[in-house]
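Number of protein chains: 2
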Amino acid sequence: MLVVGVDLGGIEVKAGLVDSEKGIVKKYISKTEVSQGKEKVVKNICKAIEEVSKGYSFEAIGIGSPGSIDRDSGIIRFSPNFPEWNDFDLGKKISEVFNKKVYIENDANAFTLGEWYFDKAKGCQNFITLTLGTGVGSGVVSNGTFITGATGIGPELGHFPIVPDGRKCGCENNGCVESHCSSKSVANIAKEMICKYPESDILKLAGDIESIESLHVFKAAEKGDFLAKDIIERTTEVLARAIGGFIHVFNPELIVIGGGMSKAGDALFVPLRNKVLKYVMPSFRNTYKIEQSTLVENAGILGAASAAFFGMKGE
Amino acid sequence: MLVVGVDLGGIEVKAGLVDSEKGIVKKYISKTEVSQGKEKVVKNICKAIEEVSKGYSFEAIGIGSPGSIDRDSGIIRFSPNFPEWNDFDLGKKISEVFNKKVYIENDANAFTLGEWYFDKAKGCQNFITLTLGTGVGSGVVSNGTFITGATGIGPELGHFPIVPDGRKCGCENNGCVESHCSSKSVANIAKEMICKYPESDILKLAGDIESIESLHVFKAAEKGDFLAKDIIERTTEVLARAIGGFIHVFNPELIVIGGGMSKAGDALFVPLRNKVLKYVMPSFRNTYKIEQSTLVENAGILGAASAAFFGMKGE
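Order-wise, the sequence lines are chains U and H. Numbered according to this note's numbering, the first sequence spans residues 1343 to 1657. Numbered according to this note's numbering, the second sequence spans residues 1343 to 1657.
Since the hints were derived computationally from the structure, they do not count as laboratory data. Treat the hints with care, as some may be off.
Calculated pairs, DSS-like style, for lysine-lysine (alpha carbon to alpha carbon, straight line, at most 27 Å) [said to hold, decoys possible]:
#	chain 1	residue 1	chain 2	residue 2
1	H	K1631	U	K1510
2	H	K1510	U	K1617
3	U	K1526	H	K1620
4	H	K1620	U	K1510
5	U	K1620	H	K1526
6	H	K1382	H	K1369
7	H	K1617	U	K1510
8	U	K1655	H	K1655
9	U	K1620	H	K1510
10	U	K1631	H	K1510
11	H	K1364	H	K1462
Facing chain H, from chain U, some residues (calculated, C-beta under 7 Å) [as the list claims (entries may be wrong)]:
#	residue
12	S1484
13	F1502
14	C1513
15	H1590
16	P1594
17	E1595
18	N1628
19	T1629
Glycine included, each C-beta is placed from N, C-alpha and C at the ideal position.
All chains should be modelled from the sequences, with the hints used to inform the complete structure.
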């Protein structure tokens, strides 16, 4: 079965023609051009859908977007990428053009569905995803059910207040997983600490303070840099305690980690797996795996397409 | 529809004939007599089932028991109440006597099903239960699915490692919700602190140190006792942060709290509700309620019966 998956980012619209068995058949990327207004963005989305679907017949359109999405009505309630889009009826707009059903899902949930249909979680009935990016996105499938909650805004594992009186989070609370373990938080912590450790390799790798990213910290840690190792130690400690908790909460067989910071690979996953063990009680110890997502730059398109596959299944 | 629910405790076997609409029709309580061996306990269970079902025809038997239960095979893997029962095939034994299907569930999950069918959570598709007793039991229904996890041992919200380097827990870890917020932990904290505050009302209410229970601490706090207020403040703070986290995890419409410590009523629920608010981000703030279970001493029987109703539904 063919659908079109649209990864709606603040900079680029990535569209893909996706086969339910074979994955991405064709890809097209265009600029989003948010500054030129809603109508222009809708036009760009439609152009991208047309381009990838030219000469093919497809069943439906899936769209993945950051922010708060009303999946039933296809309305974008609020998205950080599109500050002027509050309550924008994107699903209906696109649906009218192509005369196809449109399924919109937030990017973290779309990622989870993409993992379920196309990556490590294929066939799993109990798994968790975490994306360590600007924020910490999450998704859960538990007892075969895709968890969305009473008002459709769950799960937000990234906003579990894991550290008492911890770092301020964008959500107004303190000590959220996101405010300690996102790639942005790790970069921010390094930026704050670097003045005390100006000789750190982190600064050498990044060039200047403002350019520091989480992957510079992981690279510097691998070289034995003191500050970098300390930051990674603290970050993985907090993340491990959170994941240990989520393992008790869901008894999942798999935790898939994606997002920018997951690209650190072993530098992240080796200490993380060791530390998680410490927080898991004996009966849960051999029940789960922690894996790196392999969808990488196709995660957005495959996630969006999977939102369509999942939506069609439920109807 | 009629079933028999059996609440299998270490001291008493409570059996009830339970109607799916009307609740408990008839009750019978006998001693468990664990010290007299498995066969005697099985005999006592059978006697209790016979007594409540005399003159009635019933569909199935539900049994609720503390410990690790294999619900598919009806085997008690391990139970703190029955140290010599490891891998005991209780379901089969009872089933053979009555020629009825037997559904066994651990007490925390049975409580959750009891809440779903007979109490505050009736009709809810997204709710959490926590029982604050000797331990902290938990159960979750999310998107209408009763969550049990990949190996059937979830959810264990009581073993979320909520406090970094916190109190030692029976599960071998530190800082679990259970090791800070169970009624036993609250009593233990009071016992540890009382030597520094021998004038505390807690001691007056309990009589002697060994007799201190969590409800003495709540009563003393209501009278303005300094130590008691401090213990309640810390306990509700930890519990509130955990519940705040679980609200982000599941986006539930309801959190039902039962178990011995829930009997403290407003002394627990008023500060708890206030503190939870602090840990919940704006979009989740008006999505949930925190309620006291009203099943009280019938929780065990109704939970066990509900395990049977739930089991039959799935077949």
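Tested hints:
| no. | hint | verdict |
| --- | --- | --- |
| 1 | K1631(H) x K1510(U) | holds, 26 Å |
| 2 | K1510(H) x K1617(U) | holds, 17 Å |
| 3 | K1526(U) x K1620(H) | holds, 24 Å |
| 4 | K1620(H) x K1510(U) | holds, 13 Å |
| 5 | K1620(U) x K1526(H) | holds, 24 Å |
| 6 | K1382(H) x K1369(H) | holds, 20 Å |
| 7 | K1617(H) x K1510(U) | holds, 17 Å |
| 8 | K1655(U) x K1655(H) | holds, 23 Å |
| 9 | K1620(U) x K1510(H) | holds, 13 Å |
| 10 | K1631(U) x K1510(H) | holds, 26 Å |
| 11 | K1364(H) x K1462(H) | holds, 15 Å |
| 12 | S1484 | holds, 5 Å |
| 13 | F1502 | holds, 4 Å |
| 14 | C1513 | holds, 4 Å |
| 15 | H1590 | holds, 4 Å |
| 16 | P1594 | holds, 6 Å |
| 17 | E1595 | holds, 4 Å |
| 18 | N1628 | violated, 9 Å |
| 19 | T1629 | holds, 5 Å |
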